[in-house]
Amino acid sequence: MAVAEKETLGFQAEVKQLLQLMIHSLYSNKEIFLRELISNASDASDKLRFEAINNDALYGNDHELKIKVTFDKAARTITISDNGIGMSRDEAVSHLGTIAKSGTKEFFGKLSGDQQADAALIGQFGVGFYSGFIVADRITVETRRAGLDAAEGVRWESAGEGDFSVEQIDKPNRGTDIILHLREGEDEFLSSWKLKSIIRKYSDHISIPIQMQKEEWDEEKKETVVKDEWETINQASALWARSKSEITPEQYEEFYKHVSHDFSAPLTYTHNRVEGRSEYTQLLYVPSHAPFDLWDRNKRGGIKLYVKRVFIMDDAEQLMPTYLRFIKGVIDSNDLPLNVSREILQESRDVRAIREGSTKRVLGMLEDLANAEEQDKKDKYTTFWQEFGQVLKEGIGEDATNKDRIAKLLRFASTHGDSDAQTVSLADYMGRMKEGQDKIYYVTADTFQAAKNSPHLEIFRKKGVEVLLLTDRVDEWMVSFLTEFEGKELVSIAKGGLDLGKLEDEAEKQEHEKTESDYKDLVEKMKTALADKAKDVRVTFRLTDSPACLVADENELSGHLVRMLKAAGQNAPESKPILEINPSHPLVTRLKYENADSPQFADWSHILFDQAMLAEGGSLSDPAAFVKRLNEMLLAK
1 MAVAEKETLG FQAEVKQLLQ LMIHSLYSNK EIFLRELISN ASDASDKLRF
51 EAINNDALYG NDHELKIKVT FDKAARTITI SDNGIGMSRD EAVSHLGTIA
101 KSGTKEFFGK LSGDQQADAA LIGQFGVGFY SGFIVADRIT VETRRAGLDA
151 AEGVRWESAG EGDFSVEQID KPNRGTDIIL HLREGEDEFL SSWKLKSIIR
201 KYSDHISIPI QMQKEEWDEE KKETVVKDEW ETINQASALW ARSKSEITPE
251 QYEEFYKHVS HDFSAPLTYT HNRVEGRSEY TQLLYVPSHA PFDLWDRNKR
301 GGIKLYVKRV FIMDDAEQLM PTYLRFIKGV IDSNDLPLNV SREILQESRD
351 VRAIREGSTK RVLGMLEDLA NAEEQDKKDK YTTFWQEFGQ VLKEGIGEDA
401 TNKDRIAKLL RFASTHGDSD AQTVSLADYM GRMKEGQDKI YYVTADTFQA
451 AKNSPHLEIF RKKGVEVLLL TDRVDEWMVS FLTEFEGKEL VSIAKGGLDL
501 GKLEDEAEKQ EHEKTESDYK DLVEKMKTAL ADKAKDVRVT FRLTDSPACL
551 VADENELSGH LVRMLKAAGQ NAPESKPILE INPSHPLVTR LKYENADSPQ
601 FADWSHILFD QAMLAEGGSL SDPAAFVKRL NEMLLAK
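The numbering used here puts the first residue of the sequence shown at 1, with every later residue one more than the last.
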């Protein structure tokens, strides 16, 4: 039923918070309000063109899409008008009164109160329509959705505080008019020259004409008068369709901000026209910041799909693999049908070709940064890895075709340095391998400190062998697919028996065999004492300082992965770890001569096991029993 009377509604709490932060944090770059509102008008026109593919009646008698910008000095208003899709009453309330964006909670949690830092975060989040309140103390929106009657127009109005009003109006034309009632002190924007310069600076790439009324000097009145003629201010042609030689870096950057709604410049981009069996143009960007919903794998992609310059959809996830979901940009195909649907995209051979070609192009961009000699590019790859490295790791298991290329782009922390910075490539590691070393060694842990202090590293430190320290949640999953690199096997130092190969000389091997024989009785006694906890007990030579450590059997999940699965609420197969004891440690030596039937032997065995579990970052099944045993042993004479 139509609602004729004016109704006052409250903003969503997040909108109120965003408005206050934005007005204060973005005040130093006020002119972006026009870019944001023109960008929204362009999107509205794109959406009309898409819906009209199957319903040409939506155009009515007005097929020429355009955006108009006008100002009224006397009323102190600026109006941005479009004849795009428009909004119904419910859409106006929903789109203008709430933020339905995943990551909202995380976004507000990261705000610090530092205006400069917060401005960058707000830019990543995207402010769109609300940017109008940077210069306006009141905004009026008059809109009518294409296909609705003139009597079903809507007026939305707010002073940007706690509420807004909505009422039904007559609006002869479809589309949206946004009227900004300027704050005191913002009169600089009531200038044709100022508005035109902002449009040319930020919105020249918009493919829809942006028009303003012509002005000319009236000699009699000695003033500038506005004529009833319109001129197009922007180039009004699709930027990606132009020759690269005609596009400046600044124009590429502004187009990125348009398609991504990001305030920051991209790290890098690629613009190509592909010919052959499938013909398409791609303009793809790598952002400089991770979005707040990066870890939502169900999130739609950041690729806008066009067919022959006609907008089709702005979340064409079929055009880019999931592990590259952070890529933004445009793909314009000459081969797909104009009425292409998501179902057709999933089935299309042309789409598969575009996806494969675009994936290779993105990996090429990243390789260009990763392998560059120039410091600027190196720094950009460091930024990329900090923001998106964990997501790229997903590609090792998801993209078998490009696994080798992705592996070369991976970066890790390692024992080669003291920092937790992930800067070591697998090629770097191989370049530092010891003579006789034929494996790439790694350890996984919850944190850098836990990995760095793992008892499993002791023998590797002694021999000066580098070990990769893997602490990202995705790492355990990744290494299950990345089993070798350029012929070198990747080996977890916390799984199976330690095989140092040629890193051990013959004398060491003979000494180890003798020691294992000497401790055979102790191992058997400890197996009996720990039958309910340990799958096996054995002597190890991987330890130099610690008395014992736990390892997983070769074909079983590591303790770290089991803990991660349980923390995520998933079922993990139950398996007992193997306890390895250090024969050169005084505690183990003492235990060797303890009577197996004495209570102290069982207590010491359990204490060694529990200590090893804690050193691994695990939790004890019976902490109270551990404390009791330890106290008793400390008090024993």
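Warning: the hint list may mix true and false statements.
Said to hold, decoys possible - Cβ-Cβ distance ranges computed for the label pairs, FRET-style:
{"no.": "1", "residue 1": "Asn339", "residue 2": "Glu554", "range": "48 to 58 angstroms"}
{"no.": "2", "residue 1": "Glu184", "residue 2": "Ile344", "range": "18 to 28 angstroms"}
{"no.": "3", "residue 1": "Ala400", "residue 2": "Met433", "range": "47 to 57 angstroms"}
{"no.": "4", "residue 1": "Trp295", "residue 2": "Asp228", "range": "34 to 44 angstroms"}
{"no.": "5", "residue 1": "Asp368", "residue 2": "Lys520", "range": "50 to 60 angstroms"}
If you are wondering where the hints come from, they were derived from the structure by calculation, not from laboratory data.
Idealized CB from N, CA, C, for every residue including glycine.
Hints versus structure:
{"no.": "1", "hint": "Asn339 x Glu554: 48 to 58 angstroms", "result": "holds (55 angstroms)"}
{"no.": "2", "hint": "Glu184 x Ile344: 18 to 28 angstroms", "result": "violated (54 angstroms)"}
{"no.": "3", "hint": "Ala400 x Met433: 47 to 57 angstroms", "result": "violated (26 angstroms)"}
{"no.": "4", "hint": "Trp295 x Asp228: 34 to 44 angstroms", "result": "violated (54 angstroms)"}
{"no.": "5", "hint": "Asp368 x Lys520: 50 to 60 angstroms", "result": "holds (58 angstroms)"}
Going down the numbered hints, you'll see the structure goes against 2, 3 and 4, while the others check out.
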